[in-house]
Amino acid sequence: MRFRNEIYQNHEKGVTAMDEMDATLKREIHLARNIQMKLLNGAKPKLPSGEVSGVSIPARLIGGDYFDFYPLTNGKIRIIIGDVMGKGIPAAMLMILTRGAFRSAAEATKGPGETLTAMNNALYSDLRTLGSFVTVFCADWDPNAQIFTYASGGHNLPVIIRRNFEPLEPPAAKGVMLGGLPDQIYKDERINLEEDDFVFFYTDGIVEAQNREGAMFKHDRLVPLLIENCHKSASEIEVGIEKALSAFTEGLPQKDDITMVILKVGPECTEIASYNSPLMSS
Amino acid sequence: MLDVKRTYKDMELILAISGILDYSTVQEFNRQTESLQDADKVILDFSEMEFLDSTGIGVVLDLLHRTFENEIAFEITGLNEVAREVFDTVGVFEIVNAMGGRVTS
Numbered sequence: 001m002r003f004r005n006e007i008y009q010n011h012e013k014g015v016t017a018m019d020e021m022d023a024t025l026k027r028e029i030h031l032a033r034n035i036q037m038k039l040l041n042g043a044k045p046k047l048p049s050g051e052v053s054g055v056s057i058p059a060r061l062i063g064g065d066y067f068d069f070y071p072l073t074n075g076k077i078r079i080i081i082g083d084v085m086g087k088g089i090p091a092a093m094l095m096i097l098t099r100g101a102f103r104s105a106a107e108a109t110k111g112p113g114e115t116l117t118a119m120n121n122a123l124y125s126d127l128r129t130l131g132s133f134v135t136v137f138c139a140d141w142d143p144n145a146q147i148f149t150y151a152s153g154g155h156n157l158p159v160i161i162r163r164n165f166e167p168l169e170p171p172a173a174k175g176v177m178l179g180g181l182p183d184q185i186y187k188d189e190r191i192n193l194e195e196d197d198f199v200f201f202y203t204d205g206i207v208e209a210q211n212r213e214g215a216m217f218k219h220d221r222l223v224p225l226l227i228e229n230c231h232k233s234a235s236e237i238e239v240g241i242e243k244a245l246s247a248f249t250e251g252l253p254q255k256d257d258i259t260m261v262i263l264k265v266g267p268e269c270t271e272i273a274s275y276n277s278p279l280m281s282s
Numbered sequence: 001m002l003d004v005k006r007t008y009k010d011m012e013l014i015l016a017i018s019g020i021l022d023y024s025t026v027q028e029f030n031r032q033t034e035s036l037q038d039a040d041k042v043i044l045d046f047s048e049m050e051f052l053d054s055t056g057i058g059v060v061l062d063l064l065h066r067t068f069e070n071e072i073a074f075e076i077t078g079l080n081e082v083a084r085e086v087f088d089t090v091g092v093f094e095i096v097n098a099m100g101g102r103v104t105s
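Taken in sequence, the protein lines are chains F and D. First residue of the first sequence? That's 1 in this note's numbering, and the numbers climb one at a time after it. First residue of the second sequence? That's 1 in this note's numbering, and the numbers climb one at a time after it.
Please keep in mind that the hints were generated in silico from the structure rather than gathered at the bench. Wrong hints could be hidden among the right ones.
Partner residues are not named here, just some residues of chain D that face chain F (Cβ under 7 angstroms, in silico) [as the list claims (entries may be wrong)]:
1) ALA16
2) GLY19
3) TYR23
4) SER54
5) ASP62
6) THR89
7) VAL90
8) GLY91
9) GLU94
10) ILE95
11) ASN97
Over 12 angstroms on every C-beta distance to chain D, these chain F residues come out as not near it, computed from the model [as the list claims (entries may be wrong)]:
12) ARG27
13) ASN34
14) LEU47
15) PRO90
16) ARG128
17) PRO171
18) LYS174
19) LEU222
20) GLU228
21) ALA244
The beta-carbon is built from N, C-alpha and C at its ideal position, and this holds for glycine as well.
Produce the complete structure using the sequences and hints provided.
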C-alpha cells in the first residue's frame, strides 16, 4: 500500500515538474520574441529626403530574418536585410549574432561590400562550426547624391520600381553567403536613383509563400503588386503586401519568416549639400 | 516527404533525392546520407527534387564538407531552373568549385 502511494506521489511530482518546465519555456520564448520584435521593428530612421521602413514577421514566435539601419554621415544610411538558415530559436540566436556583426562593421567600413567582408570575417568560424549560414544584402543610400550602392552575400537583389512604374533590373551583385567560404571580398555595385523611385528589399518567405494548391507567390505576383502600390507611403505598402500574402495563402500557417524593407526616394537634398560644404563654414 | 535513393557502383555513390528537402525533412536526409559506403565519389542527383529551403541547402553543404574532409569527390547534378537559380544566388556553386567539386546538368 505504501509502495503504491509512493508511486502515485512520484507520478504527481513528475507531471508537475513537466508542467513547470513547459510554463517556463513558454514564458522565456515569449520574452525572447519580445526582445527580437523590439530590436527588429523599432523606430524608423528619419531621412532628410524620402523614407525608409521595414517589418519582419517570423513564421514561428521568433525567427531568423533580419533587417537593420545604420545612419552614416551627411544624411546617408546603411541598410541591411538578411536571412539566417533555418527557423525558430536557433535561427533567432544567430540573427542576434549577425546584428552585432553588422553594427560593429558598419561603424568602421566605407561601403556595403567592405561591411559584408568584415561581417564574414567575424562570423565565418562560428557559422561553420554550427553548420549554418546567413544570406545578406547591404546597401548605402545617399539621398544627397541620389546614389544607391550595394553588395550581396548570397541574397536576392531588391525589386526597384522607377518613377515611371517600370521595374529596373540593377547590375548583378554576386557573393557567397556569410559562413560559406572564408576570406571573401564582397564588391560594390552602384546605380543612380531619382525622386519617386522605390526600392523593395525582401526575404524569400514572400516569394515562396504558398496557397492551398501549392502554387508559390513568386515575382510574377510581387512585382505587379509593388507597381500598383508604389505611390503609397512605406507603411501603407507594407500593409498592402501583408494583406496580399494573407489572401494568397488563404489562412494557411506561415511557412517561412517574412521580411521587407522599403526605400522611397524623395527629392534631391540640395540643403544637406550646402550645409556640409566646406565653403559655407566660417 | 523526402526520399533518397542510393545506388552504389564502381566506388561511386549516387544519392537521388526526390520530394521536399526542407526544415521538416533534413533529419531524414542526414539519416539516409550518413553512410558513404567507402565511395570515392558522391553524386547528388536533384532531378526529382520538388523544393528545398535554406535548411536543405545547409545539409547539402554539410555533405559537401564531409566529402571534402574525407577526400571524396563530389558532384551535383539534375538541378532544375529554379533550384539552379537559388544555388547560384546563395553561392553554392562557388563553394562546390572551391572544394574541388563539380556541377553538371
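Hints versus structure:
| no. | hint | in the structure |
| --- | --- | --- |
| 1 | ALA16 | 22 angstroms, violated |
| 2 | GLY19 | 13 angstroms, violated |
| 3 | TYR23 | 6 angstroms, holds |
| 4 | SER54 | 4 angstroms, holds |
| 5 | ASP62 | 5 angstroms, holds |
| 6 | THR89 | 6 angstroms, holds |
| 7 | VAL90 | 4 angstroms, holds |
| 8 | GLY91 | 3 angstroms, holds |
| 9 | GLU94 | 5 angstroms, holds |
| 10 | ILE95 | 5 angstroms, holds |
| 11 | ASN97 | 10 angstroms, violated |
| 12 | ARG27 | 25 angstroms, holds |
| 13 | ASN34 | 24 angstroms, holds |
| 14 | LEU47 | 29 angstroms, holds |
| 15 | PRO90 | 10 angstroms, violated |
| 16 | ARG128 | 8 angstroms, violated |
| 17 | PRO171 | 15 angstroms, holds |
| 18 | LYS174 | 8 angstroms, violated |
| 19 | LEU222 | 15 angstroms, holds |
| 20 | GLU228 | 25 angstroms, holds |
| 21 | ALA244 | 22 angstroms, holds |
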